[in-house]
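Below are the chains, spelled out letter by letter.
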Amino acid sequence: MRADSYSERPLLIDGWPVRVASYRAGDLYRARVESADPGATLARAAAGSAAEAEARALEEARRRLARTRRREV
Amino acid sequence: MTDYAHPEVLVSTDWVARHGRDPNVRLVEVDVDTAAYDEGHIPGAIAWAWNTQLCDTLRRDILSKEQFEELMRNSGIGNDTTIVLYGDNNNWFAAWAFWQAKIYGHRDVRLMNGGRKKWLAEGRELTTEVPSVPRTDYQASAPDLSLRAFLDEVREAMEKGSAALVDVRSPAEFTGEILAPPGLPETCQRGGHIPGARNIPWGKACNDDGTFKSPGELRALYAAHGIDGSKPVIAYCRIGERSSHTWFVLRYLLGLDNVKNYDGSWTEWGNLVGAPVERGAAGAAA
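Going line by line, the protein sequences match chains A and B.
According to our numbering, the first sequence is numbered sequentially starting from 17.
According to our numbering, the second sequence is numbered sequentially starting from 3.
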């Protein structure tokens, strides 16, 4: 199989800048969400459609981002 | 890639497509775990997981010489094998593995420029097949600790300016606004940075496609913060993996002789009782 239709786009989740990457490999669509800065992986998901894979990954990323607190500096 | 100080440590995705299965080449996907590898990886690649295979899992440390030898032996890697590493996050964890391989004296280890992202973006072949590899009798060298900074040396650098401290975390981590990358566990007690450190985020060394910037761009990036080889450099981040990426850039792409990775990083300094901490944007990247 080959990685097909790889794409990336920026997005804000509850004020946090992230990047969503997705591609198709075989019968599955894959999505990965990472923080825009510094770039750490937040979530991965796979599904039968690109929309469903992204929705699952974004849901998990939102859950993880909710744990981070901003402090006054 | 030929203008870098040590171009031999980088290979392109094209090179991997042509040589990844050569008998003397061992291709390794390196990440925090094997989730990405399990989705599909470059044919012939094996996987190393940072959290279980590239650290001592009991005490906080890199692999011992014996543990490193065992990893190499189980990975079908001999002393003369060309190890080609790649992974997500523009090779964060691949750079960590590279750094450790150099600590233990492996001669020929390289990064695939652009990492997993570039391979995917180019629509290249993937497989979920895990290759079986023959066990070897790998012998590691004694650790070269000139590549690794420990707490006392970092403290001295802060106090005496004996080395330039480069904090490669994001500006929000550097200032103390957040204690860890967004969404990751807060593994330190205090936010901020080591006094006197300059903030040059690791990702500034990369292009959008994940490849490294040109030698001229890299030189300008670091020289703007006084990092030009005129004094030793110690790079740090949160746990030492992002700073191993910057260590790679400074040591192998720009050819600076005296560069160390402080793998204790902020999770050590930011938890120390009584350690000085600076908050705010002093020293931040322009």
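Think of the hints as simulated: they come from the structure by calculation, not from any bench.
Misleading hints may appear alongside valid ones.
[To be verified] Here are some, though not all, of the chain A residues that point toward chain B, as calculated from beta-carbon distances under 10 Å:
(1) S21
(2) Y22
(3) L74
(4) A77
(5) L81
[Unchecked claim] The list that follows gives simulated cross-link-like pairs (lysine to any residue, SDA-like), each with its CA atoms no further than 20 Å apart:
(6) K206/B <-> A52/A
(7) K233/B <-> L223/B
(8) K215/B <-> D53/A
(9) K206/B <-> E24/A
(10) K206/B <-> P33/A
(11) K215/B <-> G55/A
(12) K104/B <-> K206/B
(13) K206/B <-> A71/A
[To be verified] One-sided and incomplete, this derived list gives chain A residues near chain B with beta-carbon spacing under 8 Å:
(14) A56
(15) S65
(16) R80
(17) R83
Don't be surprised by glycine CBs; every beta carbon is placed ideally from N, CA and C.
Going by Cβ atoms only, is Y22/A closer than 10 Å to chain B? 5 Å, holds
With a cut-off of 10 Å, does the beta carbon of S21/A approach a beta carbon of chain B closely enough for the hint to hold? 8 Å, holds
So if I understand the rule, the pair passes when the alpha-carbon distance is 20 Å or less; does K206/B with P33/A pass? 17 Å, holds
Satisfaction of hint between A52/A and K206/B, Cα-Cα up to 20 Å: Holds, at roughly 12 Å.
Should the interface hint for R83/A be scored as holding, given a Cβ-Cβ cut-off of 8 Å against chain B? Since chain B brings a Cβ to about 7 Å from R83/A, closer than 8 Å, the hint holds.
Hinted pair, alpha-carbon criterion (20 Å max): K206/B, A71/A. Please report holds or violated. Since the Cα atoms of K206/B and A71/A sit roughly 29 Å apart, the hinted pair is violated (cutoff 20 Å).
Run the distance test for K233/B versus L223/B: straight-line Cα separation, threshold 20 Å. 16 Å, holds
Once the shortest beta carbon distance from A56/A to chain B is found, is it less than 8 Å? For A56/A, the interface hint holds, since the closest Cβ of chain B sits about 4 Å away, which is under 8 Å.
Do the alpha carbons of K206/B and E24/A lie within 20 Å of each other, as the hint requires? Holds, at about 18 Å.
Under 10 Å is the threshold here; is the Cβ of L81/A close enough to any Cβ of chain B for the hint to stand? 5 Å, holds
Should the interface hint for A77/A be scored as holding, given a Cβ-Cβ cut-off of 10 Å against chain B? 7 Å, holds
Is it true that the CA of K215/B sits at most 20 Å from the CA of D53/A? 18 Å, holds
Of the numbered hints stated above, those contradicted by the structure are hints 3, 12, 13 and 15, listed in ascending order.
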